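In the order they appear, the protein sequences are chains U and F. Under the working numbering, the residue at position 248 of the first sequence is numbered 248, and the numbers go up by one with no gaps. Under the working numbering, the residue at position 40 of the second sequence is numbered 40, and the numbers go up by one with no gaps.
Treat the hints with caution; some may be incorrect.
[To be verified] Coverage of chain U stretches by chain F, computed from C-beta distances (three or more under 8 Å per stretch; other residues unrestricted): (1) 198-208; (2) 234-244.
[Stated by the list, open to error] To be clear about the criterion: a stretch of chain F counts as covered by chain U if any three or more of its residues have a C-beta under 8 Å from a C-beta of chain U, and this derived list gives those stretches: (3) 185-195; (4) 216-226; (5) 230-244; (6) 262-272.
[Claimed, not checked] Using C-beta positions, here's what the derived DEER-type ranges look like: (7) F/F107 / U/S299: 21 to 31 Å; (8) F/Q119 / U/R169: 51 to 61 Å; (9) F/E116 / U/E173: 39 to 49 Å; (10) U/P126 / F/Q69: 34 to 44 Å; (11) U/E294 / F/H303: 46 to 56 Å.
Quick caveat, the hints were computed from the structure, so don't treat them as lab data. The model shown is predicted, which means the values in this text are computed figures rather than measured ones. Note that CB positions come from ideal geometry on N, CA and C, so glycine has one too.
Each chain is listed here by its residues.
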Amino acid sequence: MSSLAESGPVPAGAGVGAEGPILVVERLVKHFPIKAGILIDRQIGAVRAVDDVSFSVDRGETLGLVGESGCGKSTLARSILQLIAPTSGSVRFEGREVAGLGRRAARELRADMQMVFQDPYASLNPRKRIAQIIGDPMLLHGIVERGEVKAVVQDLLETVGLNPEHYNRFPHEFSGGQRQRIGIARALGLRPKLIIADEPVSALDVSIQAQIINLLEDLQEEYRLTYVFVAHDLSVVRHVADRIAVMYLGKIVEIGPAEAVYDTPIHPYTEALLSAVPIPDPRANAARRQIVLEGDVPSPADPPAGCRFHTRCPRATDVCSTGEPLLIDHGGGHHAACHHPLDRA
Amino acid sequence: MSAPLLEIDDLRVHFSTDEGVVRAVDGVSLEIAEGEMLGIVGESGSGKSVASLTVLGLTRAANAEITGQISFEGQDLTAMDDEGLRRIRGNGIAMIFQDPLSALHPFYRVGNQLVEAIQVHRDVGDADARARAVELLELVGIPDPGRRMGEYPHELSGGMRQRVMIAMALTNDPRLLIADEPTTALDVTTQAQILRLIERLRRELGMAVIMITHDLGVIAEVADRVMVMYAGEAVEAGTLEQIFYDPQHPYTWGLLGSLTRVDQPRLARLAQIAGQPPSLINPPGGCHFRDRCPHEFAKCTEHPDLERRGGDAGHRDRCWLAPDRKREARVIASTGAIGLEAAKEPAS
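Based on the sequences and whatever the hints tell you, model everything.
Given below as structure tokens:
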């Protein structure tokens, strides 16, 4: 992994063992072109959804990827899986370059990297039975023989807390939480090493959220899974993640061990974001100081120069509007990109 | 306390469908005083939205059977004809919704929509109505309101649209604002802005607010009193302090216990509520929560009323457990916090 040092800093977890990280993302960029013209399209700009993002994920850990709508977290998740072709940059899974792989090779790899989606209503084919939804990907990847599919699917249903007798039902016969369990069973069937979960609980009621979070944690322990957990709900992420990456307008502004990021945030955006989350405890709520950010997130098609947060930042000075801050290590694997990092008492 | 501004007594809203009668709201009573903020919390299908829509007569339909009483400033809204209700809507009671984009007309400029809302209820000329619209946009914290008047809804951000909706709701100085998940579609920093705005307006205008949400965090931030709904019923009602620090109903324990908190390190495991909410067509007889409750006992097959049981004055619930037993049962052994130990495995 010595090449990493040469090609730029990749914020890694503290526990990079002999095995090395399972996923390394380096200088990943995804720009969506904005086109105009009647007969001939010409590009007049680009939405800079993901703009030079680097990080790595260790085997068996959970990286929480947080940020508000439009910050690029879902685009980043999809670019890692090559569901969206990145504009440039590198994604290495177990040391193997993934970016720019052909369809066939990418498909092979997808058995190792699975995704769980946000909307359990849209992510299951309504015309297919559960047995097919979970079984077909396994057949496609040659993981099971046709004759044993039923038994394997029933095992999986049991693993995710569903009744194995229901393998012949259609998605509409299940509730939202149960559908999310089906989505998890489908991902699990391919025996993946990495699961990217894009807002896996945000469409669910709180009591059901807790069930799904507990299930994901049990499965992680049992199968030694690595998770990239994308979510806008910072309290949920605090519960599941070992490390957190905070995104703002296509950039990672802070990344580090979960406890460090939550207890002693370095970037003013992280601090404001955390303070905006309501705490379900009236006394604790009244006792804390809340920072209410002014205005809205600027457009990712025309992000502010320098630090992208400077237009809303209470600590911004002249340097923030001219020089782009680099993601630098503040100790203990806690990195932040800010010219005026918060005091760390 | 003087006479309540709004008083609901044993409201029931049943819809006949092909599958059977859906008992969407099945026994809700509440009162709200001038200037008070009542939080109604519940999960999808608990009846919280249907109850509030019914206040404005928005659930009147051929297949709906509405019983009970809704009295607003002394008038019975359930008995009122459509014309009378139309005068109440927007004048006495206004409502804002979760999704401001679908609540605004995409083809009309924001200003024209506001002017129309003003002129529906007031006999004022265009110039006066426009002046009032600008004033309202200013009140809800929209910068450069004169320019925003000429914009279309799609040109505004989600937070700005919700501000416009609030401005529209305030057109005729309502005494009561019903806010149905007003921040659910918004990002958390925008949510903080909108919650602050609603707080400020309540203070400045002396308006009562019913805040409907699934998020106990939002409730904790803004409400004076709380009603917890489950399967069409209010299962517990009390002050903010009572609900959060002395909850009486196992469903409330379950809700509190299953929450993740941004200000606390991760727990070993979340205390989940097993199973899922019951069908509203055929809820279990007796206590609606008993299927999922680890503390179920023989008495639970009888239907409990919402009344004062173990709590302090003004604190009511629908649980048969003895008060002492409740205090013991609601503590999660491993953490000492309030919650509902999941004794049953998730059913499927």
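Exercise. Taking 46 to 56 Å as the hint, is the beta-carbon distance of U/E294 and F/H303 inside that range?
Worked result: 51 Å, holds
Exercise. Under a C-beta cut-off of less than 8 Å, do 3 or more residues of the segment 198-208 of chain U approach chain F closely enough to confirm the stated coverage?
Worked result: With 4 residues close enough to chain F, the hint holds.
Exercise. Can the segment 234-244 of chain U be counted as covered by chain F under the rule of three residues or more with Cβ-Cβ separation shorter than 8 Å?
Worked result: holds (count 6)
Exercise. Okay, the segment 262-272 of chain F and chain U, do three or more residues pass the C-beta test at under 8 Å?
Worked result: holds (count 10)
Exercise. Are 3 or more residues of the segment 216-226 of chain F near chain U, judged by a Cβ distance of less than 8 Å?
Worked result: holds (count 6)
Exercise. CB of U/P126 to CB of F/Q69, is that within 34 to 44 Å?
Worked result: 43 Å, holds
For this session: Could you see if the CB distance from F/Q119 to U/R169 stays within 51 to 61 Å?
Result: 54 Å, holds
Exercise. Between F/E116 and U/E173, does the beta-carbon spacing fit 39 to 49 Å?
Worked result: Check passed, 45 Å falls within 39 to 49 Å.
Problem set entry | Within 8 Å of chain U's CB atoms, at least three CB atoms from the segment 185-195 of chain F: coverage verdict | holds (count 8)
For this session: Determine whether the Cβ-Cβ distance between F/F107 and U/S299 falls within the hinted range of 21 to 31 Å.
Result: Cβ of F/F107 to Cβ of U/S299: about 23 Å, so the range 21 to 31 Å holds.
Problem set entry | Within 8 Å of chain U (C-beta), three or more residues of the segment 230-244 of chain F | holds (count 3)
This entry satisfies every hint, going by the numbered hints stated previously.
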